[in-house]
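Those protein sequence lines, which keep their order, are chains A and B.
Going by our numbering, the residue at position 36 of the first sequence is 36; the numbering climbs one at a time, nothing skipped.
Going by our numbering, the residue at position 84 of the second sequence is 84; the numbering climbs one at a time, nothing skipped.
Think of the hints as simulated: they come from the structure by calculation, not from any bench.
Since we're looking at a predicted model, the values are computed, not measured.
Quick reminder that beta carbons are idealized off the backbone N, C-alpha and C, glycines included.
Wrong hints could be hidden among the right ones.
Said to hold, decoys possible - Computed Cβ-Cβ distance ranges for the label pairs, DEER-style:
(1) I206(B) / E51(A): 32 to 42 Å
(2) E51(A) / M161(B): 38 to 48 Å
(3) F195(B) / S10(A): 20 to 30 Å
(4) S10(A) / D189(B): 53 to 63 Å
(5) P7(A) / V6(B): 43 to 53 Å
(6) F199(B) / A18(A): 17 to 27 Å
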Amino acid sequence: MFQEAIPDTSGYMIAGYAVAFIVMGIYVLSLYLRKSNLNRDAETLESLQTESKPKSAKKK
Amino acid sequence: MQPKPVALKILDVVSIIVLAVSTYLALVFAPTELVMGNVQRVFYFHIGTAWVGLLGFIVAALAGIIYLIKKDMKWDRFEVAAVEVSTMFFFITIVLGSIWARPAWNTWWTWDVRLTTAAITELIYIAYFMLRQGIEDPEKRARFGAVYTLLGGISAPITFMVIRLFQSIHPVVIGAANENQDKLAMTPDMRIAFFFALFAFTIIFIDLMWHRIRLSVLQEKVEQLKLNVSM
């Protein structure tokens, strides 16, 4: 008539925490990858900018 | 890019520590709930992520107002960071709620008022990024984004209040639905895990927002360099 034992819902708990950590992990990874790509772009663009400066100086 | 500030490095370490402690409190320290069993433990992260999720949407709305007044792009960066981090956390909230609902309600999802408003809120902020991607001009993008978050921000208090105003199967944890119930129906150990989860996710939220703001600064720098090179 009354509930005697605590139901075993551990599988759901594990799934929940796995999802939470995976989503947070993916977000942190996306921040890291976006930062790395932007840093690489910035370096390339800065080198292009310094290369183009002497050329424009020669033209003058 | 500017080197990472010492304060941010400290905040990174603190975030990892509080996340670990919060996980310990939720999984080990807090007692097992007698009716639902261990699945009730997802409640601590469910509430923690919901708190920072809804808080971030309010913060984004406030940043939008300040941007519209001051026209300073730093508030646009602040707004984007708040929305992005909150959307991620609120997604976790919805998934954890769904996982809890399966053994508790015998269904993964039901169109209850709380679940519906939560899903709408999440979709509003996913659409925010689609809106921003469709606008080329940075100032126009910031202006539209600010107005959008201002209107979208209304969904946060609605989502919070809806179970107190309408009939819902979703439990009311903070501030019971009727006067006969306890205002915070938890044992003292559960309360420790609960309040620490709120604290931990607030710290993690601030940390991630700071990282996201720095990413926006770098994005703007790259866009400026692209303009310089193309000229």
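Hints, one by one, checked against the model:
1. I206(B) / E51(A): 32 to 42 Å: For I206(B) and E51(A) the Cβ distance comes to about 41 Å; the hint holds.
2. E51(A) / M161(B): 38 to 48 Å: Violated, since E51(A) and M161(B) (Cβ atoms, about 59 Å apart) do not stay within the stated range.
3. F195(B) / S10(A): 20 to 30 Å: Holds, at about 24 Å.
4. S10(A) / D189(B): 53 to 63 Å: Distance hint for S10(A), D189(B) is violated at roughly 19 Å.
5. P7(A) / V6(B): 43 to 53 Å: Given range 43 to 53 Å: holds, Cβ gap about 48 Å.
6. F199(B) / A18(A): 17 to 27 Å: Given about 23 Å between the Cβ atoms, the range holds.
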